[in-house]
Amino acid sequence: MSRPRVLYVTDLAYQARGRRYCDEDIFLTSRLRAAFDLALCHPRDAARLMDGFDVVVVRNSGPVLGYQDAYDAFRAQALERGTRVYNPLTGRADMAGKRYLPELTAAGYPVIPAADRAADLGRLPAADAYVVKPVWGADSAGLRVVPPAELPGLPYADGLLVQPFIDFQYEVSFYFVDDALLYALHAPDPERRWELRPYEPTAADREFAHRFVAWNALPYGIQRVDACRTREGDLLLVELEDLNPYLSLDLLDEAAREAFVAAMTASVRGAAR
258 MSRPRVLYVT DLAYQARGRR YCDEDIFLTS RLRAAFDLAL CHPRDAARLM DGFDVVVVRN
318 SGPVLGYQDA YDAFRAQALE RGTRVYNPLT GRADMAGKRY LPELTAAGYP VIPAADRAAD
378 LGRLPAADAY VVKPVWGADS AGLRVVPPAE LPGLPYADGL LVQPFIDFQY EVSFYFVDDA
438 LLYALHAPDP ERRWELRPYE PTAADREFAH RFVAWNALPY GIQRVDACRT REGDLLLVEL
498 EDLNPYLSLD LLDEAAREAF VAAMTASVRG AAR
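258 is the number of the first residue of the sequence shown in the numbering used here; add one for each residue after it.
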């Protein structure tokens, strides 16, 4: 049988604060080549190149805001041609902006309450400060903290999201391939978001994280469920990253990394079929 042809979309030059995204993609592609005929390309080149491949894997391609025109062209052409994209373009979470957070708030999910219209500010709990961020932001781009008095006058029509500033114990991330939770990492110090350590999730943690993966209903792919542990001990969703989540594979032991590679290989092979 011929080997599936994979176009792996990444920006190896993308500069992330405190992390080297390119190292993760160099590692993953070096391992995926054992199962696929694989080529790498920049996100700006994906639309022109994707027709020659069985599946397009979008990985550490950086915030879409940095190449919005190219991403929009890629997305439109992939949907029109029925291109198999990994993750599928049906994602309802960060892939489609952050308006899912107000949607989940209104539906009663355990999320940090969010509003994207002045009319919905009453849904938010009282707080000393509020976090404002772009609906289409990523990697903390455009994020700022404002006092309550500024909320009514914000330009919501420009695509803004408002959430109360939460005093939490720590952040924790749950990493899924398809619907299987493979590992979790947490940041014990809230001031050092990317100084992560292994985390052993409880049954309740697993149920919490899987609830959002089930809501997103992707048939396959990689997702990262980011949450915070409140002072009261509850978990609240921070975001559901379903476009190109960074995986922090360098922090895993060899067995966990091998398990991830095996799971991703099987998942991409299934997508190619």
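Because the hints were derived from the structure by calculation, they are not lab data. Hints may contain errors.
To be verified - Here are the in silico distance ranges between beta carbons for each label pair: (1) Ile423 - Ala516: 30 to 38 angstroms; (2) Gly410 - Ala512: 14 to 22 angstroms; (3) Phe422 - Asp294: 46 to 54 angstroms; (4) Leu306 - Pro447: 37 to 45 angstroms; (5) Gly527 - Val402: 12 to 20 angstroms; (6) Gln334 - Asp436: 37 to 45 angstroms; (7) Gly410 - Arg262: 48 to 56 angstroms; (8) Asp446 - Gln334: 39 to 47 angstroms; (9) Glu515 - Asp415: 27 to 35 angstroms; (10) Arg262 - Ala520: 19 to 27 angstroms; (11) Pro367 - Arg450: 19 to 27 angstroms; (12) Pro409 - Ala437: 28 to 36 angstroms; (13) Ala375 - Asp436: 17 to 25 angstroms; (14) Ala375 - Ala519: 20 to 28 angstroms.
All residues carry an ideal CB built from backbone N, CA and C; glycine is no exception.
Hint-by-hint comparison with the structure:
Hint check: Ile423 to Ala516, Cβ distance near 32 angstroms, so the stated range 30 to 38 angstroms holds. Remark: the range hint 14 to 22 angstroms for Gly410 to Ala512 is contradicted by a beta-carbon distance near 53 angstroms. Between Phe422 and Asp294 the beta carbons are some 48 angstroms apart, a value that agrees with the proposed interval 46 to 54 angstroms. Distance hint for Leu306 and Pro447: a CB-CB separation of about 41 angstroms, consistent with the stated range 37 to 45 angstroms.
Between Gly527 and Val402 the C-beta distance comes to about 43 angstroms, which lies outside the given range of 12 to 20 angstroms. With their beta carbons about 28 angstroms apart, Gln334 and Asp436 fall outside the hinted range of 37 to 45 angstroms. Between Gly410 and Arg262 the beta carbons are some 52 angstroms apart, a value that agrees with the proposed interval 48 to 56 angstroms. Taken as a hint, the range 39 to 47 angstroms holds for the pair Asp446 and Gln334, whose Cβ atoms sit roughly 43 angstroms apart.
Against the hinted window of 27 to 35 angstroms, the Cβ-Cβ separation of Glu515 and Asp415 comes to about 45 angstroms, which falls outside the hint. Here the CB-CB span from Arg262 to Ala520 is close to 21 angstroms, well matched to the stated 19 to 27 angstroms. The hinted window of 19 to 27 angstroms between Pro367 and Arg450 holds, with their beta carbons roughly 20 angstroms apart. Distance hint check: the CB atoms of Pro409 and Ala437 are about 44 angstroms apart, inconsistent with the given range 28 to 36 angstroms.
Range check, Ala375 to Asp436: about 37 angstroms between beta-carbon atoms, so the 17 to 25 angstroms window is missed. Between Ala375 and Ala519 the beta carbons are some 49 angstroms apart, a value that contradicts the proposed interval 20 to 28 angstroms.
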